[in-house]
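Spelled out from the first residue to the last, the chains are:
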Amino acid sequence: MLKLLWANLKMTTRDKQALFWSLAFPMMFIIIFGLFDFTKMGDAKYVIFNESNTPISSSFQDGLKKITFLKEQTAPATLDEAKKQLKNGDVDLIVYIPADFKLPDMPITADTPKPSPVELYYSESNTTINQVALSVVDKFVDQMNMQVSQAPAIFSYQAQGVQAKNIKYIDILMPGILAMSIMTSAVIGISTGISRYREQKLLKRLSATPLKVRNFLMAEVLSYLIMNIVQITLIVLLARIAFGVKVYGSYPLIYLISIFGSVIFLNLGFAVAGYAKNTKTAEALSQVVTMPMMFFSGVFFSTEALPKIISKTVEYLPLTPMIEALRKVSVNGEGIQTFLPQLAFMAGWVILSFLLAWKTFKFKD
Amino acid sequence: MDVIEVKNLVKKFKQPDKNELIAVNGVSFSVKKSEIFGLLGPNGAGKTTTLEIIEGLQVPSGGETLIKGFSTQHDLHRVKNIIGIQLQSSAYYEYLQLGEILELFGSFYDKALPADNLLEIVSLQDKKKSLIKQLSGGQQQRFSICAALVNDPEIVFLDEPTTGLDPQARRLMWEFIKKINKQGKTVVLTTHYMEEAQYLCNRIGIMDLGKIIALDTPKNMINKLSSSARIHFQPYGDLKRETLKQVEGVLEIKENSDNIIHLKVTKGNEVLPKLYKWAETNKIFMIDLEVISADLEDVFLSLTGKQLRE
Chain A
1 MLKLLWANLK MTTRDKQALF WSLAFPMMFI IIFGLFDFTK MGDAKYVIFN ESNTPISSSF
61 QDGLKKITFL KEQTAPATLD EAKKQLKNGD VDLIVYIPAD FKLPDMPITA DTPKPSPVEL
121 YYSESNTTIN QVALSVVDKF VDQMNMQVSQ APAIFSYQAQ GVQAKNIKYI DILMPGILAM
181 SIMTSAVIGI STGISRYREQ KLLKRLSATP LKVRNFLMAE VLSYLIMNIV QITLIVLLAR
241 IAFGVKVYGS YPLIYLISIF GSVIFLNLGF AVAGYAKNTK TAEALSQVVT MPMMFFSGVF
301 FSTEALPKII SKTVEYLPLT PMIEALRKVS VNGEGIQTFL PQLAFMAGWV ILSFLLAWKT
361 FKFKD
Chain B
1 MDVIEVKNLV KKFKQPDKNE LIAVNGVSFS VKKSEIFGLL GPNGAGKTTT LEIIEGLQVP
61 SGGETLIKGF STQHDLHRVK NIIGIQLQSS AYYEYLQLGE ILELFGSFYD KALPADNLLE
121 IVSLQDKKKS LIKQLSGGQQ QRFSICAALV NDPEIVFLDE PTTGLDPQAR RLMWEFIKKI
181 NKQGKTVVLT THYMEEAQYL CNRIGIMDLG KIIALDTPKN MINKLSSSAR IHFQPYGDLK
241 RETLKQVEGV LEIKENSDNI IHLKVTKGNE VLPKLYKWAE TNKIFMIDLE VISADLEDVF
301 LSLTGKQLRE
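First to last, the sequence lines map onto chains A and B.
The numbering of the first sequence is my numbering, which starts it at 1 and goes up by one.
The numbering of the second sequence is my numbering, which starts it at 1 and goes up by one.
With the rest of the complex left out, here is chain A (with noise of 0.2 Å):
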């Protein structure tokens, strides 16, 4: 067995496909999504029309500059031209200060001319942003009516930052990519490889030496678990490395849950190579097993973005709980007891998948 297990990692080496699909895909997700910077996905950009000449309305755009959430624009020729824009989505903000914003003649009384009010032009499909900028051009009126009124200010409020960990997407999103190429190269790789062996009859000519069909079956698992801790340490290092990912958690657990994820994903590829008739209909069929759980097991977003119906049902696919496990480990650096029934729920489909494979797959046609 040791001699076919030796020989199966050899053939896997040398086998530029399964190497492509095992080691340079998710790579690729990796290096395309690290490289995608989500954070500037969040700024709002406005344009500001300062009709007015005062010190306050300068005071008022600068102050503006300084909040960072605001993305200042050049402004076009007019306010229908900004206006477009804002239609368009080319900018999330209009702030147009009119001509009398200045600071009224003092003391202030209830005859006082009021100046005209700033106009904001948002909108209305951009709720977020639109929410926080609006707010925070609140907060500015009102202080700004609290210095005039010199009224002494009783209320106030401290406001304390918390060193919290820098998560990024790209630290979420690595423990998906992980968990999903574990799945595609044991669904795809022992499904397609499998049927291959059966199409070109070597799994009859295995069959008439004396070679053990369960020593056979060893082999392809361990030398596919081997492949697994090569991909795992090859991604999370890339990851690392190139992108500054961090695992918060123990590595040992990160192992752990992949190869026991990979043993179920294993059995159900060796079910589908059981129950295809021949190498085109593995291919499709382990698509048809591995596409919805690439999608919507959470491995690109959480799962709480999904309507309720498929959200409920993605629950019970092996693939969510084994990223739920592994994100608690690499991102919040939790230990073995934060995840137990996602364990649970894993050693289930362990049997419900070996039994599957059991029932469907047969050494000799």
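Rather than coming from a laboratory, the hints here were simulated on the basis of the structure.
Where hints are given, some of them may not hold.
Each pair of labels, with its calculated beta carbon distance range [what the hints assert, rightly or not]:
1) A:A347 / B:N43: 28 to 36 Å
2) B:S89 / A:M218: 25 to 33 Å
3) A:M28 / B:R78: 48 to 56 Å
4) B:R78 / A:L355: 29 to 37 Å
5) A:Q287 / B:L21: 30 to 38 Å
6) B:P167 / A:K359: 42 to 50 Å
7) B:E20 / A:Q287: 36 to 44 Å
8) B:L113 / A:A347: 44 to 52 Å
9) A:M28 / B:N43: 29 to 37 Å
If you're wondering where the values come from, they're calculated on a predicted model, not measured in any experiment.
All C-beta atoms, glycine included, are put in the ideal place defined by N, C-alpha and C.
With the hints as your guide, set chain B onto chain A.
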């Protein structure tokens, strides 16, 4: 001494249209130690199925097969170590070198021959580090034969060993098979090539439609024919058929559109002088005279009324 015994073998397959296909319909024969035994028949005769049942790759519907006294149906593991097989068209690992494949297969057995020796038997030593896809079709067939010898088996089963090879590669293969047999190994092969059965085999079983219709040495089978030769010639002169019919030993006279006479005769060497006498007497010149010995093709035809070649 019989190393292989096949007793009343039956194999039925269920067809998609609910009918039963009887691929092997009561086949019995035995194979002696160190002989080359062949199953000759057209495609679909049941040769491969029979062979695979003996090898233990398929389970019979009825009957049993014994190798050196061990039943392949009940004692397969004992049998596997002493036989070697070559499948009709199996591939080997495409990313392992030839030497590595032989080593790997060797590790499955109790004892194995070194890869170098095996490759030498089929003259592929210099391809030890090549991959299967780098070999020609003939070389691939040769490799699959030496892969069948990896455990130095006493009995070797070859399923259509030269199908798909060009004539030169085929002859080369025959020499390798003879070489293996000279080492004392018993060889059982299936083929639909008459020349192959005639050249290689000590005894053959002719199969058609799941049954063995003749079991003997090729020579005996041919000698049993009423006509052991055919004579062709182009007649020059005034040919009278009735006189030709009277020549002793002439069984059948046919004339084709090219004005060539085809005779079926009892024994070529006996009838030939009589034919010359007839030609002299009747003032006929026989141009391009050919004497063709009967072969297994004729045997098959006389047994089934069908051609062996498709």
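Structure-based check of all given hints:
1. At roughly 52 Å, the beta-carbon separation of A347 of chain A and N43 of chain B lies outside the given 28 to 36 Å, and the hint is violated.
2. For S89 of chain B paired with M218 of chain A, a C-beta distance near 28 Å keeps the hint of 25 to 33 Å intact.
3. In this structure, M28 of chain A and R78 of chain B meet the distance hint of 48 to 56 Å, their C-beta atoms being roughly 52 Å apart.
4. For the pair R78 of chain B and L355 of chain A, the beta carbons lie near 33 Å from each other, so the given range of 29 to 37 Å is met.
5. Checked against the hint of 30 to 38 Å, the pair Q287 of chain A and L21 of chain B passes, with Cβ atoms roughly 35 Å apart.
6. The hint said 42 to 50 Å for the Cβ distance between P167 of chain B and K359 of chain A, and at roughly 49 Å that hint holds.
7. Between E20 of chain B and Q287 of chain A the Cβ separation comes to about 38 Å, which falls inside the hinted range of 36 to 44 Å.
8. One distance hint, 44 to 52 Å for the beta-carbon pair L113 of chain B and A347 of chain A, holds here, with the actual separation near 46 Å.
9. Our hint of 29 to 37 Å for M28 of chain A and N43 of chain B is violated, since their Cβ atoms are close to 49 Å apart.
Hints 1, 9 from the list above are not met by this structure, while the remaining hints are.
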